Each structure stands twice: as structure tokens, then as C-alpha cells.
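Combine the two chains into a complex, taking the hints into account.
Protein sequences, first through last, are from chains A and B.
As numbered in our numbering, residues 9 to 120 make up the first sequence, in order.
As numbered in our numbering, residues 27 to 521 make up the second sequence, in order.
Calculated from the structure, these hints are not laboratory results.
Every value quoted in this text rests on a predicted model; they were computed, and no experiment measured them.
We put the beta carbon where it would ideally sit given N, CA and C, even for glycine.
Mixed in with the good hints, there may be bad ones.
[What the hints assert, rightly or not] Pair ranges (Cβ atoms, derived):
#	chain 1	residue 1	chain 2	residue 2	range
1	A	Arg66	B	Glu131	50 to 58 angstroms
2	A	Pro63	B	Ile475	55 to 63 angstroms
3	B	Ala68	A	Ser68	46 to 54 angstroms
[As the list claims (entries may be wrong)] Residues of chain A clear of chain B, computed beta-carbon distances all greater than 10 angstroms:
#	residue
4	Val23
5	Lys61
6	Pro63
7	Arg66
8	Gly70
9	Tyr72
10	Ala99
11	Glu105
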Amino acid sequence: MEFHMTILVGILVTVAVYLLLSRNMVRIILGTAVLSHAVHLLLITMGGAGEGKVPLLRESEGPYADALPQALILTAIVISFATTALLLVLAYRTYEESGSDNMNTIRRIDRE
Amino acid sequence: MNNILVLPMLIPLLTGFVLFFLRPSIRAQKIVSILSLLSLVAVSTNILFRIREDGIIRLDFGGWQPPFGILFVGDSFSALMVLTASVVSTLIITYAFTATERRMENMFFYPFAFFLVAGVNGSFLTGDMFNLFVCFEVMLLASYVLITLGGGKVRLAESMKYVAINVVASWFFLVALAFLYGTVGTLNMAHVSVRVAEAGQGPLLSAIAIVFLVVFALKAGLFLYFWLPGSYSSPPGPIAALMAALLTKVGVYAMFRTFTLMFYHDDFILGTIIGTMAVLTIIGGCLGAVAYTDIRQIASYNVIIAVGFMILGLAVFNEQAFKGSVFYLIHDMVIKGILFLIVGAMVYLTGKTKITEMSGLIRNYPALGWLLFLTTLGLAGIPPLSGFIGKMYVGLGAVEGGDYFLLFVGFASSLVVLYSMLRIFMNCFWGETIINREDQRLLPTRRLIPIALLGVLVVAIGVGAQALEPFVSDAARVMANPELYIDAVLGEVES
Numbered sequence: 009m010e011f012h013m014t015i016l017v018g019i020l021v022t023v024a025v026y027l028l029l030s031r032n033m034v035r036i037i038l039g040t041a042v043l044s045h046a047v048h049l050l051l052i053t054m055g056g057a058g059e060g061k062v063p064l065l066r067e068s069e070g071p072y073a074d075a076l077p078q079a080l081i082l083t084a085i086v087i088s089f090a091t092t093a094l095l096l097v098l099a100y101r102t103y104e105e106s107g108s109d110n111m112n113t114i115r116r117i118d119r120e
Numbered sequence: 027m028n029n030i031l032v033l034p035m036l037i038p039l040l041t042g043f044v045l046f047f048l049r050p051s052i053r054a055q056k057i058v059s060i061l062s063l064l065s066l067v068a069v070s071t072n073i074l075f076r077i078r079e080d081g082i083i084r085l086d087f088g089g090w091q092p093p094f095g096i097l098f099v100g101d102s103f104s105a106l107m108v109l110t111a112s113v114v115s116t117l118i119i120t121y122a123f124t125a126t127e128r129r130m131e132n133m134f135f136y137p138f139a140f141f142l143v144a145g146v147n148g149s150f151l152t153g154d155m156f157n158l159f160v161c162f163e164v165m166l167l168a169s170y171v172l173i174t175l176g177g178g179k180v181r182l183a184e185s186m187k188y189v190a191i192n193v194v195a196s197w198f199f200l201v202a203l204a205f206l207y208g209t210v211g212t213l214n215m216a217h218v219s220v221r222v223a224e225a226g227q228g229p230l231l232s233a234i235a236i237v238f239l240v241v242f243a244l245k246a247g248l249f250l251y252f253w254l255p256g257s258y259s260s261p262p263g264p265i266a267a268l269m270a271a272l273l274t275k276v277g278v279y280a281m282f283r284t285f286t287l288m289f290y291h292d293d294f295i296l297g298t299i300i301g302t303m304a305v306l307t308i309i310g311g312c313l314g315a316v317a318y319t320d321i322r323q324i325a326s327y328n329v330i331i332a333v334g335f336m337i338l339g340l341a342v343f344n345e346q347a348f349k350g351s352v353f354y355l356i357h358d359m360v361i362k363g364i365l366f367l368i369v370g371a372m373v374y375l376t377g378k379t380k381i382t383e384m385s386g387l388i389r390n391y392p393a394l395g396w397l398l399f400l401t402t403l404g405l406a407g408i409p410p411l412s413g414f415i416g417k418m419y420v421g422l423g424a425v426e427g428g429d430y431f432l433l434f435v436g437f438a439s440s441l442v443v444l445y446s447m448l449r450i451f452m453n454c455f456w457g458e459t460i461i462n463r464e465d466q467r468l469l470p471t472r473r474l475i476p477i478a479l480l481g482v483l484v485v486a487i488g489v490g491a492q493a494l495e496p497f498v499s500d501a502a503r504v505m506a507n508p509e510l511y512i513d514a515v516l517g518e519v520e521s
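Here chain B stands alone, though its shape is the one from the complex (with noise of 0.2 angstroms):
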């Protein structure tokens, strides 16, 4: 049995739980917190080691044999994925027990904080369309709470958008599912990707595949992405930490599944659709990140870039590409947390949200200076911090595959990012102080931690990629081979 599949689900969720019941005690909310992470990254690491020796495992629900139950597969994708956003998770809610209001924490910060987590890793674990949709919307109240949470006008009218604009992404997503049982009649999905496969991916699947793009580019924010900088930019640091780090990518990881394991047939798809879009969400993120200067919009519009990025490597379509986005998914969870948190604790300093406002902040917070220019090599890609091993694989998997254009457009892409962040740690950190160190606001050491950690974790991802290479391979390999997926799900039944 693998019932350790559904733990990384279940913690989160009964901690979430038990949390509701500890609300009067903030200390004891913390430190149920801190247990339930750390055994939480102990769990994704053990998962990861015994998908390495045992291959991909699954776990039936119920004992209900695939493709008739719901089931949890855990293939070396899903585990990596699991890892790290257990890990980010894992800092961010540190950070966040000593940068939250108090009368937020009061009002069920951390038990939604976990909520969030659970619906992530869910999305990340399950085998199943509707129970994706089932976790995705786990993931997505949990959000609305959380960007709601503590309220006043601006963040109000922001989650307003950002709830209808989800409720009708969510409503897309299970017409999607209509077709696709109306069609198939199957939504286990090793079972779709038979099904498909047998069939041929006609004009009506190709149709529900687009549908499901639709889906996944509004969640993911690829190309469509403009409710995306105005919520992640409205909330405070660790909550829109945890959001950049955790969500968009969910919606990433769905379009691979999806793209790689089930409709993969169709090269127009794959090649033109998604890699226009793909482009465009890269022209968009770049013109965005460069046009504001709202340090919380540049940070939020980097978010897009990335996800255009990660998409360039399933329009190119190999193992080499698939390799570079995986790579690229693991960084840019982690770097999209440090740089929410670091954003956020400009802001929380300095009370001022403009690049213009602010100036000379490394004499008084050379700390957080430096981790911001850290971050700003490592969103860059510049070797050997985490990022340059995914572009690099990326771009090695666009050159076997002759797609030039997107090479050129991913790469061009760093440089504008580059110049981005630059613009921020120069005109922020440089020049003349504009804060007397007798009035500046205390920067706690015990806040600087999670952030120094999160460095420490862009160094070793890039420093140590030769540990997590075979991982990474495995998940690339899968996703290149679908039938490896399918064998693990359904062979047994088969034969």
C-alpha cells in the first residue's frame, strides 16, 4: 500500500482543521503550524525517494481499481512539485508568523494558509480530471479568503475581480469536464489518454483540449492574465508570497499534464496555440515589468514572464525542454517566494510603494539589499544560481528542436527581467539615504531568517542541480513517454 500518497493532502487539511480549534492561543497555532510543515517536508522527501526506487505508485481510494475510483498517482513531476511548494510553504508561513497583524492571525490566517496547501498539493497528486477540479477549488477559496482577509476598499474591490473572474474560469473548466465524459467517458486520466489515443484526437477533442487551455491559461496566467498583477500586488507580503509561489504554478503543472499525457496529438495545438501564447505572455510580462513603477506590479508582472517561460518548454515539446521547465518550476516557486517576501518587506519598512520613494535602503537594510540582489541574478538566470539550469535546458531543447523564435524570445526575455529588477535594487537601494537610521523601522533578524533561507535554497538548487538531476530527468521522461504513466495506472488491471 502507499498510503503515504494522501499525506501530503491530509496534513495540511487536518492541521487546517485542528488550526480552527486553536484560535484563541496564537502560540500554540504557531507551533502546530511548524510541526505539521516540517513533517510535511519529511513526507515529500520520502515520497521522492521511494517514487526514485519503486517507480511511479499510485494510491486507489476506497480499493476501487483505476479507472473506476479516484486515485493519487505520485510520478517524480508530482513529487518534485509537492517537495518544493511544501518547502516554500514551509518558510513563507514561517515569515509570516512574525510579519501578520495580530488581528489577522485572529482571524484564521494560518488555518486557511494551510488550506491553500492542501488544495496545491492535491492538484499536484491526483489521477483524476474531476478530482483536479475538486482540489483547484480547494486551492482557490482558500485564496479568496486569504486575499480578502483583513480587508479595506482597494484589496476588497481587487478580490472582487479576482473571484469572478475565477468562478468563471472554474465554470470553464468543468464544461470542460462535461465534453470530455460526454466524449470519452472516462475521467481517470491515464484512462483519457487511452481513450484519446485509441480514438484519435479529432476536431471535437481537439476542441475540449483548447477548452482545458482556456482553463489552465487563466489559472496559470498565460496570456491571460490580466486580473493577475492587480490581486498578487494587493496583499500583504507573505499571503501574495504564498500565492506567487504556489498558484500559478498549479495552473503550469495542469497544462503539462494535460498537454503531455492526454492531447498530445495534436502538433497545432502544441506548437502554434500554445507557443503564440506562450510568446505573448512573455511580450506582455516584459512591457509590464518595465512600463510600472509600483514595486509589488514589476514583481507581479515577473510572475508572467515566468509562466510564459515555463510554457515555452511544452510548446517546443522534447524530453531536453520538459527537463528545462521542470528545473524552471522548481526555481521559480522558490524565487517567486523570496521576492514576494522581499517586495513585501520594502513595502512594511519604507510605508512607500513607488520605486521613485524610495532611495539609499542598503545603509539601512544592507541584509535585505543583498538578498534582493541575489534574487535578481537568480530571476536572471545568471549561473550558477538556480535559474540558469532550467533556461539552459530549456534552450538546449529549443535548438533540437529548431524553434529558434521561442529560443530567441525566452532568452531576450531574461534580459528585460534583468533590467526589471536592476531598475528596482538601484533606485531603491542606491543613492542618497533618504531614512535617518534613528527613525528607520526595525528589520526583526527573526524575519530576515525564512528570506536567508529562501537564498540559501536559489544557491543550492543552482550549486547542487546534479543531486536533483535524476529526479528531473525521471519526471522529463515520463512526460515524453506517456505510456510509462498509463502502464503504472492501468497495467495492473489489464493484464
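This is chain A alone, in the form it adopts within the complex (with noise of 0.2 angstroms):
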């Protein structure tokens, strides 16, 4: 379980890498969002996904599951959906002040 979620993970950070990498910032956009993704999975992984029981006192009897790293999954979600929100309505901004989505375009703004 652990040993196919790790590779997920790096299939998804590839991924995010490649779309950050690009010129267009909705692709860059794009690609925080899924390396966002990587690492809330990997958070899990972390946490040893698939061991333990639920951990309710009168559900099940131990061992029980650690429910920290889903906590922390839980904070550092919210967290990626207010920057993503930003980052989109930014991004709009930008291309409606500048006329265009192309970071080369947007760079050679300031050198001016």
C-alpha cells in the first residue's frame, strides 16, 4: 500500500513539475494545485496508511490508527484552497491588466 502510494507521489510531483515548469499561468496554477495533492498523500503515507483500527474509544478496540497526519492533511488543504482562490483571481488580474497569460510576456513588464 505505502510502496504504491510513494510512487504516486512522484508520478504526481513529476506532473506538477512539468505544468510549473510551462509559460502559461493557468498550467502553473494547475500544477501548485497537484503538488499540493503529492503531498497531502504523501502526509499519509507518512502516517502509515491502512495500519491500525478507527479511532473511536467505543468503535473498535486497538491499535489504533494514527488520525494526526489526516488533521494536518485536513489544515494544509484548506491552506492550498485559499492559495489556489488567490493565485486564480491573480492570475485574472494580470491578465487583464497586461493583456496576456505568458510568463515570458508578464517578466519583460518590470524590466521596463
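Following this line, the structure appears as C-alpha cells:
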């Protein structure tokens, strides 16, 4: 289980890096979204996925699964959601102002 | 109970929310802001003195005993940082009252400034690695908004880069946290420290330490500073001042916490990697500060040099050098605040940004000119101003540790700082006046007062170093002896 998930994290990071390195702003934002999914998966893998039982006292008897990584991921998801939303708005405004979604064109703006 | 420990984060957070609802009345926003900032300063002072009496204090949220819950830990280092950050942000926001455009005030400038302060104070006080990440994000999201607020082509383009870089840096932070949790099974800083010491800092933990180093280096602008000059030089004065005074210092603080409390076992990372990075940062910063003619760029490169200098103290790694770095951190928050406010004011008054385009401003704005001169001397570390004492202790530490090369680089950078700043002063304030007395834009006294107060602080920290010394020594003592911190956090649990 953990082995497969690690491979999947690797694939996701590869995809994300490819997207991040492109010139199109929307692709970069998609890249950051995929990147955050990869790290969420990594967090849950690190907590030991699939081991132990539901950590509810009356429902089951130990050993319980570690609930902390899930709490961490939940927080991380909320944060990456907020950041992605902000990035999308920012990209849209930049597109409106400069008329381009190409990072190469945008980079030239502040050289002037 | 030490509930007071949560207030430095809670006050700005709640104020931010209240200010959202006060949007129609800017006057009410300003009154609430100033009251909240003053109470923030009072609370931080109280915390500092309480720590002096009771030692390190902590607050376990929800009564969860460490290492299971999230907690805030206040030692002298974090309390000093919180106090300085509160005082500096008070003055910068007071300056912003008179210097911010109406439409920005209407679009929630003040709430986001407060969220930024909340994130900064939270990062200083937290005793949990994941909580540190969350506080970093609070601070960064607020800074994303502030840096883009009011728009314009150039700023949007710069902020796109700034946000993208920081998103990637935060991603690395999460990766480091995941590996840390997978390896030592805890995220409580003190507990991590214990586990790392028990297991020995093997290759795996060293690799994690280096990922943390990359994260904080990106945030603090240590060696990985390529994003910094662009994003710090594009926003208007008060915002740039808030960012330059607070954001990079949080990165530096986090680096000190991580490498003095948790990963202090590996000499190669501490001495060689961090030392090399600090030296390269200083050299790169110096080249930039001398090369540019845009005053905002010169000021931004000065931020980078200062970060390098503070990290020198970490690379030297003894109590004396830590003491210097803490002094220097306090000094740097104040001096970067005043520097960016003055630079912002100069750009506002003349409408120009290059030193070649300004001349003879001393006739038009004598007070501003002399304040810039004071800042120049303070930055270079001339006694009795605030920069001197920090540089002296880092120097003493370097001599004690035999790191003469680091000592040389650190002190040589002072000369470059002095040169780069004098270049601004001589080009812009001396020479023939280009602006007619009649045509000059007015610099209202209300605007000058916060800058002047920061100037007073620069002198006061230098002259009153004796009064600060016990707190700073205590901070350095805890850094040099991590078991003090660990005992304060985990002591009661084990016994």
C-alpha cells in the first residue's frame, strides 16, 4: 500500500513540476494544485496508511490508526485551497492588466 | 495559567475581523487599530517581564499536555521578537494612516496588515512545527493580498512571481514536515529535539534538516533571495516597510529555532553549509546594493545583507554569537522599518526612483534627510546606534570560535552598506536643489512623526543596550542550551 502510494506521489510531483515550468499562468496554477495533492498523499503515507483501526474509543479496540496526519492534511487542504483561489484571481487580474497569460511576456513588463 | 501568551496572536486576529465590519468608516478603523496596537505592545512587554520572573512559560491549548497538543512557548527570544515586531508594526501602521490611498483603505488594507502581524507573532510564539507552518501561511496570505492591493501592471507581475515562489516554498515545508513526522513521530519542537538527540542525527535526519534549511532560506532570503528585490521594491512605502521589517525576520527566527533546538548535532550543516550560504548571501547582497541606482532596489539588497549577517551568528554557533544575532534581529526590524518608510516617502515626494534623478532634497526636506543619515549610520553599525552592539557580539563570538573568515566578511559588508547608503544620501540630498520651494510636495508632520519615532528607537536601542542585555543574554542562553527549552516544555510531563 505505502509502496504504491509513494510511487503515485512521485508521479504527481513529476506532473506538477512539468506544469510549473510551463509559461502559461493557468498551467502554473494547476501545477501548484497537483503539487499540494502530492504532498497530502505523502503526509498520509508517512502516518502509516491502512494500519490500525478507527480511532474511536467505543467503536473498536486498539491498536488505533494515527489520526494526526489526517488533521494535518485537512489543515493543509484548506490552506492550499485558499492559496489556489487567490492565485486564480491574481492570474485573472494580471491577464486583464497586461493582456497576456504568458510568463515570458509578463516578465518583460517589469524590466521596462 | 499563562493565557496571556495567546494574546499577541489573538489581538491582531480579532482586530482584523472587527475592521472588516468597520469598512464604511475609515476613522473608526483607525481608532480601533491604534487601540489594538497599543494593547499589543503592552501585552508583549508584560510577557517579556513575566518570562524574566518565571522562566520560560507555555500555554497548552485545550489542556492537552505536550507532546500531544499544540502549544505556544514563550522564551526570551520569542518574547523579544514579539515585542519588537509589535512596536515596529505600530509605528508603520500609524505611518500608513496618513500615507495610504483612500481606495486602498476602503479595500481592507488595515485588516490584512493586522492578519500579517497575527501570523508573524504566531510564528514567533508557537512550539509546534505544524503550527509554525500554519502561522507562516497566515502571514504569507496576508502579504500576498497586501503586495497586490491597488494593482498596476508591474506590481501584479511581481506579485505573481512572489506568490508562486512562496507556494513552492510552503510545499517544501510540508514535505519536510511529512518526513519529520514519518521519522521521529512527533511535531512538537521540544519533543523532536529529544527524539533527534536520542536517535542521533543520522543521514536521514540531516537530509530533513537540509530540506528545512531550504524552506527557511527561501522565506528569509538567505542565498535563495532572487525573488526578494523585485517584490520588496514594488509595493508602496508602508507595505514594503511591513514586509521588509517582519517577513524575512520570521524566516531567520525559524532558522535559529530549528538549528539551535532540533538539528544542532551536525557540524557540517551548521558550519559549512549555513556558513557558506551566509557568506554568499552577504556578497550577493553587497553587489546588488552597489550596482543598482533605484533607491528601492538598494534598500531591498540591504535587507539581504542583513539576513546574511544574522545567519553568520548561527554559523559561528556559540552563545556570544547568538547574543549578537538576537541584538541584530531587534535592530534590523527597526532599521528596515525606518529605511523603507524613508525610501517610500522619497519616492512619494519626488515621484522619482533613481538616485541619478534626485538632488538637493536636504533643502526641501531637512528632517527627512537627517533621519536618512541617522539610518545610514545605524545600518553601518556605528556606535552608539543600534547596529553596533549586535555586530560587536557577533564579532566577539566569531573570534571566540576562531571563524576569522566569517568575521572578515561580516565586517567588510558594513563598509559596503555604508557606501551604498551614503550614495543615496549624497546623490539625493546633497547637490543642487531640483525642486522649487513653491512646487514641492508637502511632507506633513503627522507623517514624519512615526519615522522620527523609529529614529528615536534606533538611538534608544543602541544607548539603552544595557537595559536590553539581560533579556538578550537569556535568549542566547536558551539557544545555546536547548535542554532548558525542553525542560520547560516536557519537564512536568516526564516527572
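A quick look at each hint next to the structure:
For A/Arg66 paired with B/Glu131, a C-beta distance near 54 angstroms keeps the hint of 50 to 58 angstroms intact. In this structure the supplied range 55 to 63 angstroms holds for A/Pro63 paired with B/Ile475, their Cβ-Cβ distance being about 57 angstroms. Take B/Ala68 and A/Ser68: their Cβ atoms lie about 50 angstroms apart, and the range 46 to 54 angstroms holds. No Cβ of chain B approaches the Cβ of A/Val23 within 10 angstroms, the least distance being about 14 angstroms, so the stated non-interface status holds.
Distance to chain B confirms A/Lys61 as a non-interface residue, since its nearest Cβ pair spans about 19 angstroms, more than 10 angstroms. The Cβ of A/Pro63 sits about 13 angstroms from the closest Cβ of chain B, beyond the 10 angstroms cut-off, so the non-interface label holds. Listed as a non-interface residue, A/Arg66 keeps its Cβ farther than 10 angstroms from every Cβ of chain B; the least gap is roughly 20 angstroms. For A/Gly70, the non-interface assignment is confirmed: its Cβ lies about 16 angstroms from the closest Cβ of chain B, beyond the 10 angstroms cut-off.
Chain B leaves A/Tyr72 outside its interface by the beta-carbon criterion, the shortest separation being 14 angstroms against a cut-off of 10 angstroms. Non-interface status of A/Ala99 relative to chain B is broken: a Cβ of that chain comes within 10 angstroms, the nearest being about 7 angstroms off. Listed as a non-interface residue, A/Glu105 fails to keep its Cβ farther than 10 angstroms from every Cβ of chain B; the least gap is roughly 5 angstroms.
Of the numbered hints given earlier, the model fails hints 10, 11; all others are met.
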